[in-house]
Amino acid sequence: MTQDPSGTKQTGTIAVKRGLAEMLKGGVIMDVVTPEHAKIAEDSGAVAVMALERVPADIRVQGGVARMSDPDMIEGIKAVVSIPVMAKARIGHFVEAQILQALGVDYIDESEVLTPADEAHHIDKFAFTVPFVCGATNLGEALRRISEGACLIRSKGEAGTGNIVEAVRHLRSIIGDIRRITQADAAELFDWAKKLQAPLPLVQEIAETGWLQVPLFCAGGIATPADAALAMQLGAESVFVGSGIFKSGEPEKRAKAIVEATTHFRDADILAKVSRGLGEPMTGIGMDQIVTKLADRGW
Amino acid sequence: MRVGVLAVQGAFARHGAALAELGAEPCFVRTPADLAGVRALVMPGGESTAMSRLLLTSGLFDAVQERLDAGMPVFGTCAGMILLAGEVLDGRPDQRSFAAIDLTVRRNGYGRQVDSFEQDLTVAGLDSPFHAVFIRAPVVIRVGPQAEVLAEHEGVPVLVRQGGVTVASFHPELTEDHRLHAQFLQEVG
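Chain order of the listed sequences is A and B.
Count the first sequence with the working numbering and you get residues 1 to 299, in order.
Count the second sequence with the working numbering and you get residues 1 to 189, in order.
Among these hints, one or two may not hold up.
Partial pick of chain B residues on the chain A-facing surface, computed with a CB cut under 8 Å [said to hold, decoys possible]:
(1) Ala20
(2) Gly45
(3) Gln119
Simulated from the structure, these hints should not be mistaken for laboratory data.
Just so you know, even glycine gets a beta-carbon here, dropped at the ideal spot from N, CA and C.
Using the sequences provided together with the hints, build the complete structure.
Next comes the structure, spelled out in structure tokens:
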């Protein structure tokens with residue numbers, strides 16, 4: 001067996017970056033703040049962990065500036081799990097992203113959960129070998145992030161609330177507009193691009209393929225197996241669970257149940273089975289009690 | 001022809017699309033009942049530890065093992081290769097595999113995501129190179145005497161067949177080139 005001499009080895013390509021997102025589909029990515037959490041997440045069947053210093057619920061309560069995690073903390077989590085490790089950088093903070101890439105994290109979340117570092121620009125994600133996930137509340141935002149090089153889009157939802165209502169709004173908005181674009185004629189696509197403030201070629205590609213160029217996951221407010229299955233039935237392809245697991249009474253039980261619910265999201269018998277006896281869910285917050293809406297961050 | 005795609009987690013949708021394009025009837029398998037009427041099975045890339053867990057909780061593990069023992073053809077890519085290998089290094093202690101092919105693989109043997117890569121391969125039986133995408137791929141450490149190496153990358157086997165079991169450490173489902181899926185369907189008959 002000889003190797004083809006003309007093909008050169010390439011890393012950090014679009015195919016490789018979007019490819020890892022494909023591998024995470026139908027899975028649960030869990031926020032973890034300690035190596036112990038990370039172990040529980042992996043034991044429970046997480047497909048990846050998001051290493052951060054405080055879960056969004058605590059960031060909300062404690063306030064102050066939320067930044068990239070301490071490299072020691074990220075290294076500590078990388079050391080105990082064999083699944084992919086993600087970490088968050090502030091919106092527009094490309095140096096935090098450079099540091100995370102140097103640490104060898106597998107995905108960077110340019111996240112509205114942290115305090116934005118730039119009020120006009122997101123990170124130029126094409127400049128990196130490591131892939132990026134970005135949040136979006138609507139299709140225009142999703143396409144702007146993709147045009148900057150994001151290889152995975154997630155709904156923003158409203159992190160740290162344990163309230164699924166905002167994630168549902170965002171998923172319905174993104175997927176609803178995708179459906180409408182597939183019905184538009186060629187002339188109407190120009191108007192869609194203008195309305196969405198998104199590049200025309202990306203809008204035209206949606207009209208052709210009926211989906212985003214990258215996977216769409218759900219984040220922000222998932223607290224129960226039923227929430228995860230709701231997101232999946234609405235069209236999300238995987239779920240991120242932040243505060244919902246480790247702010248609940250029995251994190252391991254709940255983590256396992258959410259993993260099963262994400263796989264069997266259309267099977268109500270399995271959903272009923274895994275929803276039993278999970279202890280206390282996180283208390284949660286109503287949207288009328290929210291002072292700072294994290295989802296408004298991002299441009 | 002009805003071909004199952006293991007769909008507990010991972011890139012199952014892309015495999016399904018490739019099979020459908022080739023005229024097969026893909027069927028996503030999440031529970032033992034989904035296996036009924038399936039002639040062959042594809043095990044996609046994904047997270048092998050999560051897939052192993054979900055195979056056990058769904059009761060699919062024993063059902064799939066029974067069909068594999070009875071000779072059901074199977075094509076495993078990346079995590080699918082890990083699930084089918086006889087010996088898995090750097091796995092979790094509770095991780096299970098079907099031992100359907102005499103192979104030793106090391107999980108994440110090519111490194112982390114920043115080391116993931118794509119490159120053309122020469123594949124036995126194909127008349128032009130196959131563009132292969134490797135993502136946090138398992139590396140083959142040892143190939144048993146019964147197994148046949150169909151492609152190598154830098155001297156390491158990356159596509160291996162033993163009887164009705166074919167495994168790849170890369171992702172043919174991520175490109176538009178469906179020749180390996182076509183070969184698999186041809187073998188299934």
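Results for each hint:
Hint status for Ala20 of chain B: violated, given a least beta-carbon distance of 15 Å to chain A, over 8 Å. Annotation: Gly45 of chain B was flagged as interfacial toward chain A, and the flag holds, the nearest CB pair being 5 Å apart, inside 8 Å. The beta carbon of Gln119 of chain B is positioned within 8 Å of a beta carbon in chain A (closest approach about 5 Å), and the interface hint is therefore held.
Comparing the model with each earlier hint shows a violation of hint 1 alone; every other hint is respected.
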